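Chemist: Residues per chain, in single letters:
Protein chains: 6
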Amino acid sequence: MNPFDPPLPAVRDAVGRALAEDLLPLGDLTAALLPPGVTATARFVARQDGVVAGARCVGEVLLQLDPTLLLDWHAPDGTLVAAGEVLGVVEGSLASILTAERTALNFLCHLSGVATLTRRFVDAAGERATIWDTRKTLPGLRALEKAAVRAGGGRNHRGSLSEMVLVKDNHLLGLDITEAVGRAREMWPARTVEVECDRRDQVEEAVAAGATMVLLDNMSPAEVAGCVALVAGRIPVEVSGGVTLANVGAYAAAGADLISTSTITQSAPALDIGLDIVDG
Amino acid sequence: MNPFDPPLPAVRDAVGRALAEDLLPLGDLTAALLPPGVTATARFVARQDGVVAGARCVGEVLLQLDPTLLLDWHAPDGTLVAAGEVLGVVEGSLASILTAERTALNFLCHLSGVATLTRRFVDAAGERATIWDTRKTLPGLRALEKAAVRAGGGRNHRGSLSEMVLVKDNHLLGLDITEAVGRAREMWPARTVEVECDRRDQVEEAVAAGATMVLLDNMSPAEVAGCVALVAGRIPVEVSGGVTLANVGAYAAAGADLISTSTITQSAPALDIGLDIVDG
Amino acid sequence: MNPFDPPLPAVRDAVGRALAEDLLPLGDLTAALLPPGVTATARFVARQDGVVAGARCVGEVLLQLDPTLLLDWHAPDGTLVAAGEVLGVVEGSLASILTAERTALNFLCHLSGVATLTRRFVDAAGERATIWDTRKTLPGLRALEKAAVRAGGGRNHRGSLSEMVLVKDNHLLGLDITEAVGRAREMWPARTVEVECDRRDQVEEAVAAGATMVLLDNMSPAEVAGCVALVAGRIPVEVSGGVTLANVGAYAAAGADLISTSTITQSAPALDIGLDIVDG
Amino acid sequence: MNPFDPPLPAVRDAVGRALAEDLLPLGDLTAALLPPGVTATARFVARQDGVVAGARCVGEVLLQLDPTLLLDWHAPDGTLVAAGEVLGVVEGSLASILTAERTALNFLCHLSGVATLTRRFVDAAGERATIWDTRKTLPGLRALEKAAVRAGGGRNHRGSLSEMVLVKDNHLLGLDITEAVGRAREMWPARTVEVECDRRDQVEEAVAAGATMVLLDNMSPAEVAGCVALVAGRIPVEVSGGVTLANVGAYAAAGADLISTSTITQSAPALDIGLDIVDG
Amino acid sequence: MNPFDPPLPAVRDAVGRALAEDLLPLGDLTAALLPPGVTATARFVARQDGVVAGARCVGEVLLQLDPTLLLDWHAPDGTLVAAGEVLGVVEGSLASILTAERTALNFLCHLSGVATLTRRFVDAAGERATIWDTRKTLPGLRALEKAAVRAGGGRNHRGSLSEMVLVKDNHLLGLDITEAVGRAREMWPARTVEVECDRRDQVEEAVAAGATMVLLDNMSPAEVAGCVALVAGRIPVEVSGGVTLANVGAYAAAGADLISTSTITQSAPALDIGLDIVDG
Amino acid sequence: MNPFDPPLPAVRDAVGRALAEDLLPLGDLTAALLPPGVTATARFVARQDGVVAGARCVGEVLLQLDPTLLLDWHAPDGTLVAAGEVLGVVEGSLASILTAERTALNFLCHLSGVATLTRRFVDAAGERATIWDTRKTLPGLRALEKAAVRAGGGRNHRGSLSEMVLVKDNHLLGLDITEAVGRAREMWPARTVEVECDRRDQVEEAVAAGATMVLLDNMSPAEVAGCVALVAGRIPVEVSGGVTLANVGAYAAAGADLISTSTITQSAPALDIGLDIVDG
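Chains as they are written, first to last, in the working numbering: chain S, 1 to 280; chain G, 1 to 280; chain U, 1 to 280; chain D, 1 to 280; chain R, 1 to 280; chain W, 1 to 280.
It is possible that part of the hints are untrue.
Here are the computed lysine to aspartate or glutamate pairs in the EDC-like style, where the Cα-Cα straight-line distance is at most 20 Å [claimed, not checked]:
no.	chain 1	residue 1	chain 2	residue 2
1	G	K168	S	E91
2	S	K168	G	D272
3	S	K168	G	D279
4	S	K168	G	D276
What the hints contain is simulated information worked out from the structure, not anything from laboratory work. These numbers were taken from a predicted model, which means no experiment stands behind them.
Work out the full structure, taking the sequences as your base and the hints as a guide.
Modeler: This is how it looks when you write it as structure tokens:
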């Protein structure tokens, strides 16, 4: 098991839906025109530099569509590839390959796009800070996108509302930070309890209340540095809000432990990967 | 029925999966900390200019999560909004609103992102050419993304492999254009039969064979203009490959009837929309 | 609850799939052309005499597609209707009504077809014998078709392999009738244990072994009469195989208690029912 | 890939539901009586002449029920078989074979019934006209039935509401033919736009408006011939309504390009196919 | 096929849901820490004496999680095992084994718990009476639990409301015993029609009306004996209500044919079975 | 929102499956015998003292089965009830109430059984220690059972493998404690990292490595006290293995912060709750 791989049940389910979406009710009208028995060899080829993610999805698309197709995959999730590099080779029925092509590439290009943009943030942040994702993922694709973030060298913030406590400003309409952290530690023992802070005084209150992390939201690098000094290593500090490739290094330099960004899941352009028939 | 709305069965299914993804198994740990009975009013507010898409998904998220929430939505799909504008107002349990927030926004921001980028392409193309989407959609979200394209003023190319015949270069490994078109017209009567052409001579062959459309792939505007002259209005001409906001106007000026781009679905950044609690 | 109605979970599930099948991914291209706000009143009208079945499905189609549609249904399942009779009236968005029309009618016409043909067999058999269905139902529609059989005055043989024991000739390759009945009574206590008999001597063996029913397969009415005399009322006698509207009366006269036929589910022509817009 | 085969995702899904329908919750009570280890060879045998459809479903039923069963299938979808002919042979556990029998045959007999009746219409129409199906399919079985129509030599009209534009009389309550065709061409570029015509003047209006097909509904062969002359080959002409084996030749002779009938999907009697144990 | 095995579609579905429940969205955080390529051999070992049930579920968990795992299972459902006995051995990726462990054991321990407690009731009842289960099963697990009851030597009462008629006291608010039995025999021919009786006079009425079984509810063994004498072997007698390991022998001695208890499905403690890594 | 309530998507899904399980394919044979139009009022009544859980499931069963039923529920999840107390009252069709009865009670009795047994452990542990559940839940019911644990005053350990890191003995075949904790903190930042310790020296290693919790497995209360002294409040200490109502107090007295037991989910007897028709 590659820790960058998404859980197989999530892969099977997403692929099943994607194939149904593209094939029902009549199947592939165009592939049906091909004479029977024509076989081919095809290569998945990167057309841009990037980080691969989605290999398990490609394999599952081929398996669900035509179990006689043979796939030899060279680039496990997390592999850095250059434009022109061959990621994998599939052999078998030409019709099946052409029918599978788009669905397989839709997974591969999107997830590799996520991994690639994540890697750019990771590189820009440097060794000091860790890039974290968010819950701002595309509906139905969370497990796959979070795995792609890992493939790109990022780490996963909570997978769902069910995993950690994260007290945001709007929660504070109903109770204050000290109460919130206290209740959280009582109701959900041993869990991460993070508090979103917009101001320096909130940081101190959160730490005092027993929060296990603080999230500094929409602060400048200078403000972050101030809060980091205040926290003084007692708990990890996350920064979020307005993080870009341009400023992520500054936030890392300011001492943030974790820098989270929704851009890598919500706004990652697809990585350009194609399928070339090499032997018809 | 708003023709920009996605089919309700697609909405229900996608929303159900998205909520399960975010809530199972323990529910929202943080909202559970709120004292019972706290209610609030919250506004969906655009933080950027753009085109709205995804209203049906927002309503469905609220309905599936807590049927007692009341939503008053002002901006049906296709509405052009400015930063700061209120798209809709929800009232009810603060805990329910905060639990629903991210899932609702994940749909709304992504789909509005698609609509907004589509609208930019539509505006750049001008009145002469129509912007078309592709099958390069995010797995499991095709129906929603294609509706968002319509909301942005674009039009939908085929919804799936099952809808039209589109003979691409790789299909021609198994048969030639004339054969392909002939078989297509015989096997799938009365359907659109489009042929992807990389060269001028293929265009002529496709028209002669009876194709109902040609797709000019990866040609320059000048090459497109040549092919448009060759076709001379006999059938519509689609252009694809390397279309950008910068060159889409040139392709339109070259006479293409339809210009398709995967960018609008596969690489659209999310539109920034937030939820503001206005009355806790 | 009308005992002719199928269980609601089966209805919801079948309708959900049918709507998805007809609407994804782009929705109803044609209804989308209608100007917004046009409403209509439409009538479901029988174009042939027959027995209605499928009312719950019609209601569910409308509900799932557009909850604002209003349905006033006059003809609960089991109602005998004449050509020209109005079964129900729907009011609301013209676009929604036209989108729903075919899916609703596909259920209604098929299930009413089953009910109507069942009724013809019931009438031909007369009061003496009961018409029974079989497991030869269309895949995915068993609950609905078996309810339609009830609506037509027939009765339901076992709903699935999980319900009764029915020892057929092929089972006897592995064990004899006496053994089979003995094991059945031991393994599945208190259940119906029926034995298919092709010959008179098997009937006697089955009764002696403790079968609670015999199935006379592919016998003539005269042979049936002989077996009925042999059984002499000790257990019910079912007849199956080659039953037609022409000979069902003869089988009933021969003394069969139950006459089963796959024709009513597997080969029932649709009942012609249409939707008339009465007020556009 | 056989173009007569339905898409595999549709097969898997329909088979899974059909098996659940027949086996839950207790499994096959009767097969459970057989002594363990009994194996058999069984043949699927046509009991009537006809056209085979549904082979993929048979294979999938066996695979999902008991992956150790071996199937050797001789008659791919579209094969014309005579009564007595062996379609395929299955070997393995007798209990598994008997449990699978009815579900496999329910698919095979229904779909072959569709293919067989389609073939009769195709033969009756002759070479001149093409037989088309409709959306009047049994709920949940559209993909399978449309593939069976292809196996019988027919062709598929639109797979769903999402595929083509077909303006019917009821749509004209909201807009006229010219408007409808104009909007259709604008909203759904490059798609088939068909207009249902009850009268000769509508045909002319539809052609003038730019419809790509006309559907002549409920006209006599003579009226059809008149409209065909009017259209004069400019666009294809479909005929529907009241088409029977008796009159389909007349409609073909009248010059219709496509003749559509719901009878082949909605009212096709099952083809009689049985399973014979040949070696217990 | 082992008649103690649950139907495979029920197994697949339950296992798929259980794995999703334990793995989504991020997979097994801890197994991801293991170095790649570490393999192991592990044994499923009984830690208590008991009866095994759930083998098919174990196999399916491993297959769905990692098809490269090899399972050698020694103890088919229904096997009596002693503490310390090895039930099966799995080999392959250590990470996969550890990820699968809990889900596999959750099925195995619960279902073996059901089988084991059933066996205790069966032994306590002795040969004279049969232990029957009820519909008081855990939601979503009925098919699996009913199979586990069989594995423990018990037998299955009706699988669902759809299988037999069982007239309970509350039904008699709407009609009397004679009417109920009469309608049941008319509406659901050839089915078991059981009547719950709280009093001796109801027993006589039920038998006279043609019930095929009576259920004596909450009677003492002495009262049961009286009713058994009254019935005098005409139909089987079931006893339910307050049955315990302590009194089940007395009920059996009182002449009950079938003794049903919800304890075996609703309140069976898990059988302690562990997974031991024997070779890391 | 009651924090003891399970997430609504989990409720809907589980209820839908449970109803299908009990009703398909023919519906409730017995309820179908009732004359139409009979209504009733019925009370859910506790027959034992205990803690209620599952109210949302009861409401959902009624809603999915017959939306016209009216439920007035008095005892939200977490309520302590005494034998004889009325939990809720339902009014409407007698047939619908009787059809719903068993499915509703199956949820309510099982989940209340979990809550009740949890409460007994909570009371036995006293104020000092918190009772925690485990992942040893019944397949498919995790979200509901974990909510029932909360209703009983317990707290939830991790919801799935995806939520926390818990390094067990078997993981240490592939890496040592220090490595495991180090990788965990690197790969899954800010998450709980717990280490299972069988020996005192492991506890010290885990704390030193940076674990955020230790789990003392299968130690005696005296051993636990020793380890608690060693940890000296640096991180929380969990105890598991062989915890019973008899010894849970001793473990609490030994200073464990959290005491986890699988008994409360895996071996909780159903709480006896019945449905009494009070007005037929």
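Chemist: If a hint holds in the structure, say so; if it doesn't, say that too.
Modeler: Right, here's what the structure says about each hint:
1. Our distance criterion of 20 Å between C-alpha atoms is met by K168 of chain G and E91 of chain S, whose separation comes to about 19 Å.
2. Of the supplied pair hints, the one linking K168 of chain S and D272 of chain G holds, its CA atoms being roughly 18 Å apart against a limit of 20 Å.
3. Our distance criterion of 20 Å between C-alpha atoms is met by K168 of chain S and D279 of chain G, whose separation comes to about 16 Å.
4. For the proposed pair K168 of chain S and D276 of chain G, the alpha carbon gap of about 12 Å is at most 20 Å, so the pair holds.
When the structure is compared with the earlier hints, no violation turns up for any of them.
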